[in-house]
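Enquirer: Protein chains in written order, with this note's numbering: chain A, 1342 to 1574; chain B, 10 to 134.
FYI, nobody ran anything at the bench for these hints, they're computed from the structure. Glycine residues also receive a C-beta, built at the ideal position from the N, C-alpha and C atoms.
So the derived label-pair ranges between C-beta atoms look like this:
#1 P55/B - F1352/A: 32 to 40 Å
#2 H1410/A - L13/B: 18 to 26 Å
#3 F1574/A - F97/B: 17 to 25 Å
#4 L13/B - V1364/A: 21 to 29 Å
#5 K11/B - R1367/A: 24 to 32 Å
#6 P1492/A - L105/B: 21 to 29 Å
Calculated cross-link-like contacts (lysine-lysine; reagent style PhoX-like; alpha-carbon spacing at most 25 Å):
#7 K1546/A - K66/B
#8 K1546/A - K1514/A
#9 K1546/A - K120/B
#10 K66/B - K11/B
If you want the ones that stay clear, here's a sample from chain A, every Cβ over 12 Å from chain B, calculated:
#11 L1346
#12 Y1350
#13 F1352
#14 L1353
#15 S1372
#16 N1373
#17 L1377
#18 L1569
#19 V1571
#20 W1572
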Amino acid sequence: MSQSLLVEYPFLLLAIAIVVYWVSLRIYQASNNNVLLLPIVSGITLMIGILLISDIQYEVYFDSVKIIHFLLGTATVALAVPLRNNIHLIREHAIPLTLSLVLMAIVTPTLAVLSAWFFGAEKGVLLSLAPKSISTPFAISVAESIGGYPPLVAAIVIITGIFVAMIASIVFKVCSIHDPITKGFSMGLVGHGVGTAAAFEMGAKEGAFSALAMGLMGLLTSIVLPYLVVWIF
Amino acid sequence: MKALIYFPLFIAFQLTGDFLKEELALAIPGPTIGMLMLLIFLFIIPPNKNMTESAQKLIFHLPLLFIPAGVGVMVYVDVLKQDSLALFVSVFGSTLVCLILAAFLTQFLLKYRNDKSDEPREKAS
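Required output: the full structure, derived from the provided sequences and hints.
Expert: Shown next as structure tokens:
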């Protein structure tokens, strides 16, 4: 594939991106929903492969698929609908969920930083790991304010989310956790938007509670983390 | 195709969220502001079946929407290689521990409350 062709016709890259996703989705469905073949994993891998082979810069690719990235924001807004539809359940469990949220908002960044510190990471890397469980836009703005490296943060956040999406169903099986609210809420707390996408695949209830946890975790962490960081270091 | 009718509504809230973020210089991402506003809006006008379907359609394809950002990892391979052991342990190890912790904690708190009382929920926080 010639590079100039793809640069000249940016829609070609967009079309390729959509075909890659479609193929990834089909492979996943054909594999009987094998977590190793999650569409986000094979989609990203295939796309990186295509870009490397045809020697296309990430910026060129991102420019052509901006519309897909824009729709990520639209989908985030649309999460309000399942939240509204499950509001009676959310109200019913408001107190235990709030407690769980607050504790995890402290434990998650602390554990992320401590484990990396133990293995000798430098301070900038530690600060980039602290917001790894909140969605990218939150994480980047927090990282900027506490002194992490925004590009590293973006990579860490997305890998964390993908990891949660991959291990969640196995973890719940091993720990015999069957309650959809518990499943969804914990996936959203630790795996932000990518975890939420996986939670919606388990069911609408799981998804709604994951979306709730994701939103609240993002809000709370970006408020609390700057103070928590002062306390940790 | 009926589901598409509500896309412009979501986009309108998204753009309003982006606008407010810029104007008020908020630390909250634009789409999150849009989501909160749509949630408030839906308390005034509850979602109908078509809107619910529309949202489901969009959310079903969330994995696709993460791909452009995810492909960005390729740019940071060199950065990820430095301190790779610490990053590996933190991103995989601590995430695994946190997911297990979050699940048990949430389960415990939900159960504890249900076992403890059937009395109407208190207002206290």
